[in-house]
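Colleague: We have chain B; now place chain V onto it with these hints.
Read top to bottom, the protein sequences are chains B and V. Residue numbers are given in the numbering used here: position 238 of the first sequence equals residue 300, and the series is strictly consecutive. Residue numbers are given in the numbering used here: position 265 of the second sequence equals residue 1253, and the series is strictly consecutive.
Be aware that one or more of the hints could be misleading.
Negatives, chain V to chain B, calculated, CB over 10 Å [stated by the list, open to error]:
#1 Ala1108
#2 Ala1127
#3 Thr1128
#4 Leu1131
#5 Phe1260
#6 Ile1302
#7 Val1316
Which residues of chain V face chain B? A partial, calculated answer using Cβ under 10 Å [claimed, not checked]:
#8 Leu1068
#9 Thr1124
#10 Ala1142
#11 Ile1259
#12 Ala1292
No lab work stands behind these hints, which were simulated from the structure alone. Note that beta-carbon positions come from the ideal geometry of N, C-alpha and C, so glycine has one too.
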Amino acid sequence: MASLSGTASVTKTANRRVRATSWVTQESVLAISIIVLGLVVSLINPNFVSATNISNILNNSSYIAIAAIGMSMVIISGNIDISVGALIGLLATIGGRLAVGAADGGYWIGWAYIIPLCVGVLIEGVIGFIVAYLRVPAIVVSLGMTSILRGGLILWTGGEWIYDLPRDFMLAQQQVLGVPVPVIFMVILTIIAGLWLRYSPAGRSIYAVGGNKEAARLSGISEKRVLMQVFMLNGLMVGFAAMMFATQFSAIQSTVPSGLELLIITAAVVGGVSILGGTGTVIGSTFGALLIHVIPNAMIFANISQYWQQAVQGVLILFTVLVDLYRRRRQSYGRK
Amino acid sequence: MTAIDPIVQHHERRNAIITRLLAQETILLVLTVIAVLVLASANERFLTARNLSREISLIFEVALIALPMTLIIITGGIDLSVGSIFGLSAIVLGFLWQDSGWPLEVAIAAALVCGIIGGAINGFFIVRVGVPPLITTLATLALYRGVALGISEARSARGFPDWFLGIGRGEFLGAPWQIWILLIGIVITWLLLSRTIFGRSLYAMGNNELAARFAGIPVNRNKWLIYVFSGFAAALAAVVFVSRVTTTRSDMGSGMELDAIAAVVLGGTSIFGGSGGIGGTLLGLILIQVLKNGLLLAGVRGDATSILIGIVLIAAILLNNFFQWLQVRLTANK
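Okay, chain B solo, but in the shape it has when bound (with noise of 0.2 Å):
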């Protein structure tokens, strides 16, 4: 008896643990990090809460956040894609031609948001059959796909810049009720994969498989067909994120942004998505984008050397890093 009610006891501490500590996840730890991190800077500037500045914010950072949704997705199936940032850099091209074309030849501009879509679809189908049918490392496949696109991408456009594009094809600078547009996307599309990854089977199984394959295999998930899904979805976000990228300024660069890849799996990772795949939400990876747009923005606010930004963003991905892997030993010692 004595030790049943020592166990009950036990437990009981157990429970109130988990449950002390199950609201202590990486998106709530990056939401009070971003809201603290807003006061306080509000104290020393409050133009940094003003209206302009948070719609500034959150423009900045919605086409690193769709993307980041897909990326979110590829490393929970256990893999990683470098190549999206070269992918950005020319769908964004291609769009910012087709939309050049299409104020010439006079067809639908809507081919200039469709083509691209397609194409990043396609490339990422491509990087994701030869991962889950021909077994190459996808760290491997996508770092030959970032030398291709990079060359392909250069040879192509000779490094020129495209400057005279349509008005109406300047889909990230227009507003819908006074929010932005990219705003609206990022929501959007974080709401319908964070619900999709959640709650359909199709969601659950790429948890599945980048948990455990063997496990995945042996209730019945295909591998395969998950993998070839999670990469073709993640070139339709790759997608809609060079679409805001490319329709926010007046021109388009033409050539890849140095560092945007890891700029996007910095986000993924600082939202809690774990690389060793299995674990992680796009709510997160979303949050994650956020703070990493908030930082120099608010630097800049603070009247900190914008040199030293980068070396700040560097401290943050380590320090969120180590809350995760701190929160997470805390609870499964909980669970004990």
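Modeller: For chain V alone, kept in the frame of chain B given last:
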């Protein structure tokens, strides 16, 4: 009783030959020889001592970084921060010499120490804190590059003395300094990897880290060592690079990590760890550079080369997968 069956013996010998023939190194060697022959016949300037020694000084930095990268990937790790350590060391060198007025010799030493510290920080987070290498070095990639930016504030150092510029542009015994440094690096890394207990234990760690731990291999110490080695190699490469290009900039070496990883993977070292070697990495480096240089001489633009390298990288692994499958089929004793 224990007489070896001649048929079994014959089978074993045959299997060993097949395994050797179908190894990634052999495929690469054949590809490289074909590429060299085609390019040499297309252009007489290609196979000249002058062109080749110039090519080696161009590939030097990536090659030096690829050596420790091979060790790291063999253990199943990865180091994305080498390009940033490269940039940071270059900036530290220029800053201490020009802005702080340190003697150049001391500034060089400080740059090398900076690389070692950078590697040690990576090692600390990977070993002590248990953050996966990919994430650790992704974070320090941003961090080191950021510190380099912060220190330099977009300024650059110039006007180095002649003796220093001699390292990157001068010759020793009729060959560029880079060749000698690289040769020493290759010999040391090769000996370490294939002739020491330390080297063998790296393969064990890559195959099964837990088993390696239980076998009494000092897994943690070995990890520290290879990441520190990687940082040091990046810093050394940076010093020679600064001497060659005669200036320092904070964006130096960005993207270099991917070049090094591509060479290592092309060389047959598995990205999952446990197999590979220095010989393959060298072949990978040579093939990439031969393609770049040869196509350039043939008048093809550099961007097209980048496409070809990407295709070769994926195709080499595909071929390797195919040959491994073939090997299993051929060596199966029916």
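Colleague: Are the hints correct? Go through all of them and say.
Modeller: Quick rundown of the hints versus the structure:
no., hint, in the structure
1, Ala1108, "15 Å, holds"
2, Ala1127, "4 Å, violated"
3, Thr1128, "6 Å, violated"
4, Leu1131, "3 Å, violated"
5, Phe1260, "7 Å, violated"
6, Ile1302, "4 Å, violated"
7, Val1316, "14 Å, holds"
8, Leu1068, "8 Å, holds"
9, Thr1124, "8 Å, holds"
10, Ala1142, "7 Å, holds"
11, Ile1259, "5 Å, holds"
12, Ala1292, "6 Å, holds"
Consistency with the previously given hints fails for numbers 2, 3, 4, 5, 6, ordered from lowest to highest.
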